[in-house]
Amino acid sequence: MILGNTVGLAWRSLVRNKLRSFFMMLGVIIGVAALTTLASVGEATQQETLRQFKRMVGTFDTLTVRPGASATRGMPSLSVVEPTLKFEDGAAVAAVPGVRRVARVQQVFDLDVIYRDRSTTPGLFGASTEWADIRGETVTAGEHLTEEDERSLARVVVIGEDVRTSLFPDEDPLGKIVRIADVPFEVKGVLASNGVGPGGSSLDNMVVIPVTTASKRLFNREYLTNLIVQVEDPEQSDTVAERVRAVLRERHRLAESAPDDFNIGSPRASVAQVTAVGTTLGRVMNGVAWIATLIGGVMIMALMLVGVSERRREIGVRRAVGATRGDIRLQFVVETAVIAGVGGLLGILLGIGGATVAALLQKLPPAYLWSSIGMAAVLSVVIGLLFGLLPAWRAAQVDPIEALRS
Amino acid sequence: MIETRQLSRIYRRGDGTPVTALRDITLSIADNEFVVVRGSSGSGKSSLLNILGCLDTPSAGQYLLAGEDVSGYSEEQRSKVRSRRIGFVFQSFNLLPRTTAVENVEMPALYSDSPVDRQRAMSLLERVGLGARAHHFVSELSGGEQQRVAIARALMNGPPLLLADEPTGNLDSTVGNSIMQLLTELNAEGQTIVLVTHDEHTASFARREIVIRDGMVASDGPQDQSRRDA
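Chains as they are written, first to last, in numbering that gives the first Met the number 0: chain A, 0 to 405; chain B, 0 to 229.
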């Protein structure tokens with residue numbers, strides 16, 4: 000018997016017994032819909048996390064070099080980091096092949112910025128001019144810091160949107176003098192808003208001053224909190240990281256056996272870490288969806304077994320006109336697989352709908368994890384084949400003489 | 000067409016005691032014959048039909064169908080023989096529900112080596128006088144029409160042998176007669192037919208009658224023409 004005929008036969012049987020078929024599919028529909036929705040909602044959340052991360056870091060083609068042996072979580076502050084990363088390290092790293100540019104950064108988190116009777120405590124970045132370029136920062140008013148500002152240790156500041164709203168709620172900040180640690184700074188520009196980072200904190204609560212000014216006029220520190228290294232080819236970032244490491248080890252005169260006194264991280268790695276964690280709840284729900292799909296398979300099997308006893312006469316006739324046991328077995332397996340497959344398809348459609356609704360409710364752009372959806376489709380057919388085996392075997396055992404006896 | 004040599008069939012009851020359903024049946028049916036096998040309930044005629052139809056195997060003896068000794072055939076082999084050589088017509092029609100007439104007629108082709116030929120199915124429906132109802136569902140057909148569909152189905156794979164088991168048993172006499180008329184015509188066109196019945200009137204349509212009693216051939220000979228006209 001030709002497989003195409005069998006599939007046609009199964010399809011006909013499905014269409015002509017719509018209600019029965021629907022009930023048979025129900026479990027698989029629900030299970031697969033749940034799998035699809037969960038996978039796609041997870042994907043949408045993950046993509047959103049990536050987007051937030053990108054807004055925070057600026058680009059993905061960067062490495063961050065920090066002082067100290069162990070990778071610290073979050074943003075380092077000048078008061079707590081080890082004094083191992085020097086300004087000259089920045090210049091040396093910039094010369095490493097494969098490095099596009101390097102931003103030198105000193106950052107501090109607990110400084111008040113005061114304008115007249117208003118005050119706020121933003122993150123303060125002493126940053127070289129490359130910083131804005133690497134992060135793709137733009138100004139909505141005024142202009143960025145310049146190399147001239149850096150050379151002349153200019154007391155100028157570019158403020159984030161949050162700082163602007165808290166210090167200058169209804170006046171033009173440009174040219175105004177704010178005090179940072181009692182040092183007057185002239186507001187030179189306002190940064191465009193970056194929205195919210197991972198964890199929900201604002202990315203606009205910050206001010207930027209020339210890194211040289213920060214070093215010489217504010218903190219009197221000759222070391223950095225981090226270097227932001229932009230690589231030429233993101234694919235090569237691991238290789239470049241190795242080169243940077245070698246250069247820094249040599250500059251720091253580290254013995255062969257000594258551990259690094261700095262660490263190099265990539266946003267790619269951080270994001271992988273963030274998103275790989277996943278939630279326990281998500282996993283539990285995923286497990287439940289799998290179980291639902293399996294139960295769907297069992298439902299199909301049970302109803303197919305009932306079907307076999309109801310269709311003994313049909314089986315008898317088919318056997319009488321020449322169907323072999325193998326033909327009957329094939330017919331029932333294919334029928335179960337088609338029912339499960341169609342159920343899976345409906346489940347996927349339902350799941351995509353569910354994922355879209357869920358994404359809209361979370362105000363996220365919907366995303367669909369096609370690999371998981373494809374797997375759910377395959378899973379449903381496999382379940383059909385698997386749970387079709389017993390009914391098919393039973394059907395093939397039907398004795399045509401018994402079945403045809405009227 | 001059919002040769003049996005000392006065919007017997009012994010069943011085992013649940014407690015193991017043997018029951019002889021057929022004993023030493025030796026008969027020969029030539030091509031183009033129309034033979035009635037008549038016997039009362041329990042005579043063994045159903046057992047004989049099952050063996051002739053290759054649904055069952057004899058406990059002893061030989062069965063040659065179209066020159067092929069099928070007595071020792073396996074399930075699989077007998078399925079193939081049924082597909083190629085035998086068309087079945089049943090008392091209760093046994094059409095597939097929720098299926099159209101033409102789909103029923105095509106069904107045996109699914110299990111044959113040749114592809115499903117819709118045109119052939121249609122022309123067979125024409126032959127049994129149901130060309131216009133080919134796309135009706137079985138539930139929309141009368142009993143007589145259903146049996147005609149069943150006959151067309153039996154002929155789908157072009158079997159040399161047509162086996163009919165009480166084909167008029169579920170029909171009233173007028174419709175039953177028209178079915179017998181159809182079978183007689185098919186026989187006149189060259190179709191070998193073996194018909195099993197307990198009914199003398201039905202039996203009267205055949206040219207030859209084999210009477211089975213207690214699992215043995217009680218009589219075998221040409222029909223009495225006078226009884227046929229009665």
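If you're looking for bench data, these hints aren't it; they were derived computationally from the structure.
The beta-carbon is built from N, C-alpha and C at its ideal position, and this holds for glycine as well.
Incorrect hints may have been included.
Partial chain B-side listing against chain A, Cβ under 8 Å, derived [said to hold, decoys possible]:
id	residue
1	R4
2	E75
3	S78
4	R97
5	L109
6	S111
7	R117
What follows is a set of in silico ranges between Cβ atoms, one per label pair, in the way DEER data are often shown [unchecked claim]:
id	chain 1	residue 1	chain 2	residue 2	range
8	A	L18	B	Y10	39 to 45 Å
9	A	V297	B	V18	28 to 34 Å
10	A	R11	B	R11	21 to 27 Å
*Can you give the numbers of the hints that this structure goes against, from lowest to highest?*
Checked against the structure, the hints that fail are numbers 1, 7, 9 and 10, while the rest are satisfied.
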